[in-house]
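Residue numbers (the working numbering), protein chains in the order written: chain A, -3 to 255; chain B, -3 to 255; chain C, 10 to 312; chain D, 10 to 312.
The reader is advised that the hints may include incorrect statements.
Unchecked claim - List time: in silico SDA-like cross-link candidates among lysine to any residue, alpha-carbon distance up to 25 Å:
| no. | chain 1 | residue 1 | chain 2 | residue 2 |
| --- | --- | --- | --- | --- |
| 1 | B | K243 | C | S46 |
| 2 | A | K8 | B | F81 |
| 3 | A | K(-2) | D | E154 |
| 4 | B | K8 | B | N90 |
| 5 | A | K146 | A | T10 |
| 6 | D | K183 | D | N113 |
| 7 | D | K213 | A | G79 |
| 8 | A | K137 | A | G165 |
| 9 | B | K179 | B | N249 |
| 10 | A | K76 | A | H12 |
| 11 | A | K243 | D | K21 |
| 12 | A | K9 | A | I157 |
| 13 | B | K(-2) | B | H12 |
| 14 | A | K176 | A | R219 |
| 15 | D | K21 | D | N113 |
| 16 | C | K153 | D | E154 |
| 17 | D | K41 | A | S93 |
| 18 | B | K(-2) | B | Q78 |
| 19 | D | K16 | D | I209 |
| 20 | D | K16 | D | T166 |
| 21 | B | K8 | B | K146 |
| 22 | C | K213 | B | G58 |
| 23 | B | K137 | D | E154 |
| 24 | C | K41 | B | G58 |
| 25 | B | K76 | A | S6 |
| 26 | B | K76 | A | R219 |
| 27 | D | K213 | C | Q311 |
| 28 | C | K213 | D | F87 |
What the hints contain is simulated information worked out from the structure, not anything from laboratory work.
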Amino acid sequence: MKDIRAKILSNKKTGHAYYKMVIDAPYIARAAKPGQFVQIKCGENSGPLLRRPFSIHKVERGIEILYEVVGIGTRILAGKRQGDFIDVLGPLGNGFSVPRAQGLKPRAIIIAGGIGAAPLVYLAEELKKKKIKTIALIGAKTKNLILCEKDFKKAGAEVYISTDDGSYGCHGFVSKLFHKILKTSESKFMTVVYVCGPHGMLRCIADICKERNFECQLSLEERMACGIGACLGCVVNTISGNKLACKDGPVFNASELTW
Amino acid sequence: MKDIRAKILSNKKTGHAYYKMVIDAPYIARAAKPGQFVQIKCGENSGPLLRRPFSIHKVERGIEILYEVVGIGTRILAGKRQGDFIDVLGPLGNGFSVPRAQGLKPRAIIIAGGIGAAPLVYLAEELKKKKIKTIALIGAKTKNLILCEKDFKKAGAEVYISTDDGSYGCHGFVSKLFHKILKTSESKFMTVVYVCGPHGMLRCIADICKERNFECQLSLEERMACGIGACLGCVVNTISGNKLACKDGPVFNASELTW
Amino acid sequence: MAILDIKIGKIKLKNPVMAASGTFGYAREFEKLTDLSLIGAIITKTITLNPRQGNPMPRICETSAGMLNAIGLQNEGFDNFIKEKMPYLSRLGVPVIISISGNNIDEFFILAKRLDKIKSIAGIELNISCPNIKCEGLVAQDAKETYEVVKAVRKITGKTVITKLSPNVTDVVKIAGAAEDAGSDAVSLVNTFLGMAIDIDTRKPKLGNITGGLSGPCIKPIAVRMVYEVARNIDIPVIGIGGIMASDDAIEFMLAGATAVQIGTANFVDPGICVKTVRGIENYLRKHKIEKIEDIIGGMEQK
Amino acid sequence: MAILDIKIGKIKLKNPVMAASGTFGYAREFEKLTDLSLIGAIITKTITLNPRQGNPMPRICETSAGMLNAIGLQNEGFDNFIKEKMPYLSRLGVPVIISISGNNIDEFFILAKRLDKIKSIAGIELNISCPNIKCEGLVAQDAKETYEVVKAVRKITGKTVITKLSPNVTDVVKIAGAAEDAGSDAVSLVNTFLGMAIDIDTRKPKLGNITGGLSGPCIKPIAVRMVYEVARNIDIPVIGIGGIMASDDAIEFMLAGATAVQIGTANFVDPGICVKTVRGIENYLRKHKIEKIEDIIGGMEQK
Ligand SMILES: Cc1cc2nc3c(=O)[nH]c(=O)nc-3n(C[C@H](O)[C@H](O)[C@H](O)COP(=O)(O)OP(=O)(O)OC[C@H]3O[C@@H](n4cnc5c(N)ncnc54)[C@H](O)[C@@H]3O)c2cc1C
Ligand SMILES: Cc1cc2nc3c(=O)[nH]c(=O)nc-3n(C[C@H](O)[C@H](O)[C@H](O)COP(=O)(O)OP(=O)(O)OC[C@H]3O[C@@H](n4cnc5c(N)ncnc54)[C@H](O)[C@@H]3O)c2cc1C
Ligand SMILES: Cc1cc2nc3c(=O)[nH]c(=O)nc-3n(C[C@H](O)[C@H](O)[C@H](O)COP(=O)(O)O)c2cc1C
Ligand SMILES: Cc1cc2nc3c(=O)[nH]c(=O)nc-3n(C[C@H](O)[C@H](O)[C@H](O)COP(=O)(O)O)c2cc1C
Ligand code: FES
Ligand code: FES
């Protein structure tokens, strides 16, 4: 974990409503694991006070983040240009744990809702390296909000899409798609589910996993101030008491959570 | 006086330490008089709370301002690009009054210290239109901080320069140059002096004018909040009590001031 | 169209947005910049019985998301106000509320008595909370003194009386209660927070008066909390003030319990902000399908 | 090289910059991000006798140039603190000051008594001013209660005792005086301002606890004023806190009369800020040719 003043290598609009920023932070790129995040100072002398957390989306030329403009911080971020410098603190948090074969061969099912795709692409790449069979389900409101289809494919995942309005892929929520996939796909694997997305979706997927006895790792988004476990602002209730999303998470095992 | 959301036509560094911004505000351009100013909102969602006052430097394609980066507001302003929009409130204040012939022919001596040149170029242009003989004395710390030499010449003024370090023109303060000019130049005119610059310089010039019995109009810079006479934050002490720099000024007759 | 009108004492306002004292001059300063007739009510710069020169310069300085001011209640005094400002104000067709302050109860009493006779004045705001005059504490820092000033004014006038409270107190509810008990028709809060700033290079205070009043968005969270506390504990209307920069902020105050709001510092940043805030509130009501502005007053949901 | 050391009670600090309680965890959180040994002193997150779960989520929200927090003093309680955190803190080689809070005088007394026995602790900060625990007012809002808590702690420990004051009061000088009279070695101010924020779309408070403490640059002008007032009126050292984001702010507090400063919220924005502030102060002293940091304490010039 380091706080780095890093150069922006590129910052471009991607798709309909998202931006992708590549940041020259070799230390963070080397140290990062899928599921970890960085804290970025969006403004310099002005702008919001606190840093903003973003998942590490890819690790290539530098680290990449994929983000949605939802407020003042992300709006300022979207205005940054190649060559500008920003303060990036990371890598932070625990990250996903990759399944290890125990008896049955492991299989990963990745489920991304909306911007929740961000941390999961990096995970898919890692799973590919580990040669773990991966299925990726991508859900969004509508066709042009579907994120990272190509990236998941490039990472060797079998990709399925669902949109709430049926404009692309399966019609309905991604949880419906998940049900469907489970019906058709073989179960000779030890399945681990990785999910990131809106709160309601996380709960829904976690419930399905519980029924099926799948391990389910979910990445939670809580409001954060420090990102390093100092402020106690990002508490998550678990069966073993208060945990911190920034330090003990952001990835939690669904079975730990008391919701 | 209007509050206008105006397009920036250009914003460029000029000389060593200053910037020039051209703003598309036809209403203000039409209504403006030399010595008046505008209040500009430098930041949008972030940045300083209050607007910042800037003299109207020229009126051509739109209105022009000439500014120095001294703090957060001007730093943000310097980062604006052609095509960006800013909120401009103006024209504000009283402006200079142009001398009218009474017996002797009028002659104007313009004295600019540093960024104080900003409002005086517009004045020189106006004086040219009125066919009033004009001498312009420009002072600065060093050569590359001398401002608007060409502009004053273009406005038909007889230009003299002084620098504190002697790197260009006369060596010493512009008040010394003023003394010198007065010695050599004829006095068959009714002289009106227009001055803008640092506080010490204003006092010094005002004293010389008093001795010589010249009318002396000076443009004062006070911290402003509203710029329209509502907050009473910009008080100037005069022989007739408290006046407001933003509304009764920024131009005051030296003889009015109690300093 | 949503119904925006509210009532403060006897004053009927066509909408809950007022211009705050000391930030809107005597309204005329804004006539070319906004449609004054669309503002709910205008509170004029605080006047005193006798003219006041105010404090030495500098009088203002900017801070993070705020500003300090130490104007020191500069004003021409009652007589000049009536002569020079009242005629214009009378013609506006908008409720005009006159803010007054005094060095003692007598001065408040005399001012209220004189104002009571002027028909075109809708109400009186008692500024017992300006931190920029040199004396031992503010009236609004003491429940008993607050009670006495309000009581004296209440006795002499049937006009709507609004008591403006200071946030520089341990328990604002207590002071609000004193104003209510003394017969105030409403309370407005907050006035500015006492603050200061020092130029570290010159080592001099940034204000001629050393200390000044802090206003602007920086104070909003504290002001909203105070309005929330007061509104739950008194029965007269509360007028929310402090850092309102847009209609969202005004709505936040109303959800916390304010019946109306006042906009101060934002007038300096955007002279059209009062009218824009009215429009923004209208849009909010429309979007949320709320018919009457009254329905959002105190409408925060405890979860 | 300028001399930066100062003394607070019996504690010798190599520089006047401390990390504020609740914003620096138990120091270990920052070990990879800054050189802890360069910080003047570290105040740990407030502990209580028994573990506390803290408040419901959300616990933080950003405001204009500030943030609200309603952590609610979540901590593992005294025993766990000693077992799990103290060993690391003891090895740091930097004065460690333990912040404590209690529901009553007894709890303060017991905690102080136990801490008194731990050699590696440099001092105790009494958090009598946390606005995030539900009870009738804060100790630090009442001079008598403040006196009593401090007195009880003073009796039981010879360690340096710092009393942390609340800004949510009418007259902070009075409370500071009570702490001084009861034998506090120093006062630190300010803790957070009680504030709140409402989401106008959901109509829900932005904090699970409804109200929370406001910190950050937005509060600095008020905090500087309070430090200025207190420093002129008491004889024990004052530690300035509130919105320090850079060394300029720290110097401003010291010119106002603070002997030392604490940095809170800024640690979240820049984990290296404490050390950077020390360097910035050094540069300032060099630039202004000041030999000892002491020479700037209370050095504001009245004009
Ligand atoms: C561990 C972690 C990883 C994240 N990764 C990504 C990512 O890869 N890409 C991405 O686009 N976003 C990500 N987020 C969410 C991102 O941090 C917020 O969108 C961002 O902080 C909003 O900042 P803002 O100033 O633009 O919005 P603000 O003006 O602060 O708020 C605007 C709205 O955004 C929402 N919001 C703000 N902060 C958060 C937050 N921490 N969590 C959830 N919602 C929030 C709120 O609904 C708020 O009303 C992540 C959050 C966490 C905690
Ligand atoms: C009527 C009027 C006309 C002006 N015309 C021009 C102009 O044409 N070009 C130009 O460059 N500047 C002009 N100024 C000064 C300009 O307004 C300030 O430089 C600007 O407000 C600084 O803003 P900032 O946010 O960059 O600096 P801040 O961060 O606010 O302050 C930085 C430093 O700038 C100085 N400063 C700030 N505001 C003022 C002010 N109002 N007057 C004097 N000094 C100030 C202070 O010394 C301060 O320490 C004018 C001021 C007035 C009152
Ligand atoms: C420059 C200035 C002058 C003020 N003068 C007065 C005044 O004369 N009387 C008064 O009651 N309040 C005065 N106030 C306080 C405002 O009316 C208002 O209560 C305060 O600024 C908080 O609101 P805001 O954050 O919207 O500005 C003044 C405020 C400012 C900034
Ligand atoms: C998230 C957070 C937690 C805090 N926890 C404590 C605490 O446990 N004990 C305490 O005395 N102060 C606590 N504080 C208050 C700070 O120590 C400090 O007094 C306050 O934040 C003002 O300083 P700042 O503006 O530099 O943050 C906390 C502040 C924040 C922001
Ligand atoms: S964000 Fe501060 S503890 Fe998690
Ligand atoms: S700047 Fe407000 S009165 Fe002049």
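How the hints compare with the structure:
1. B:K243 to C:S46: Status holds; Cα separation ~24 Å.
2. A:K8 to B:F81: Status holds; Cα separation ~22 Å.
3. A:K(-2) to D:E154: violated, 44 Å
4. B:K8 to B:N90: The hint is violated at about 28 Å.
5. A:K146 to A:T10: Distance of about 12 Å is within 25 Å: holds.
6. D:K183 to D:N113: holds, 21 Å
7. D:K213 to A:G79: violated, 41 Å
8. A:K137 to A:G165: holds, 11 Å
9. B:K179 to B:N249: holds, 23 Å
10. A:K76 to A:H12: With a Cα-Cα distance of about 18 Å, the restraint between K76 (chain A) and H12 (chain A) holds, given a limit of 25 Å.
11. A:K243 to D:K21: violated, 34 Å
12. A:K9 to A:I157: holds, 22 Å
13. B:K(-2) to B:H12: Answer violated: K(-2) (chain B) to H12 (chain B) is near 33 Å, above 25 Å.
14. A:K176 to A:R219: Answer violated: K176 (chain A) to R219 (chain A) is near 33 Å, above 25 Å.
15. D:K21 to D:N113: Distance ~30 Å between K21 (chain D) and N113 (chain D) Cα, so the pair is violated.
16. C:K153 to D:E154: holds, 23 Å
17. D:K41 to A:S93: Given pair K41 (chain D), S93 (chain A) holds - Cα atoms ~23 Å apart, limit 25 Å.
18. B:K(-2) to B:Q78: Given that 25 Å is the threshold and the Cα spacing comes to 22 Å, the pair holds.
19. D:K16 to D:I209: violated, 48 Å
20. D:K16 to D:T166: At roughly 18 Å apart (the allowed maximum being 25 Å), T166 (chain D) and K16 (chain D) satisfy the hint.
21. B:K8 to B:K146: holds, 17 Å
22. C:K213 to B:G58: violated, 40 Å
23. B:K137 to D:E154: violated, 61 Å
24. C:K41 to B:G58: Distance ~21 Å between K41 (chain C) and G58 (chain B) Cα, so the pair holds.
25. B:K76 to A:S6: holds, 20 Å
26. B:K76 to A:R219: violated, 32 Å
27. D:K213 to C:Q311: holds, 6 Å
28. C:K213 to D:F87: violated, 45 Å
Against the hints set out earlier in the document, violations occur for numbers 3, 4, 7, 11, 13, 14, 15, 19, 22, 23, 26 and 28.
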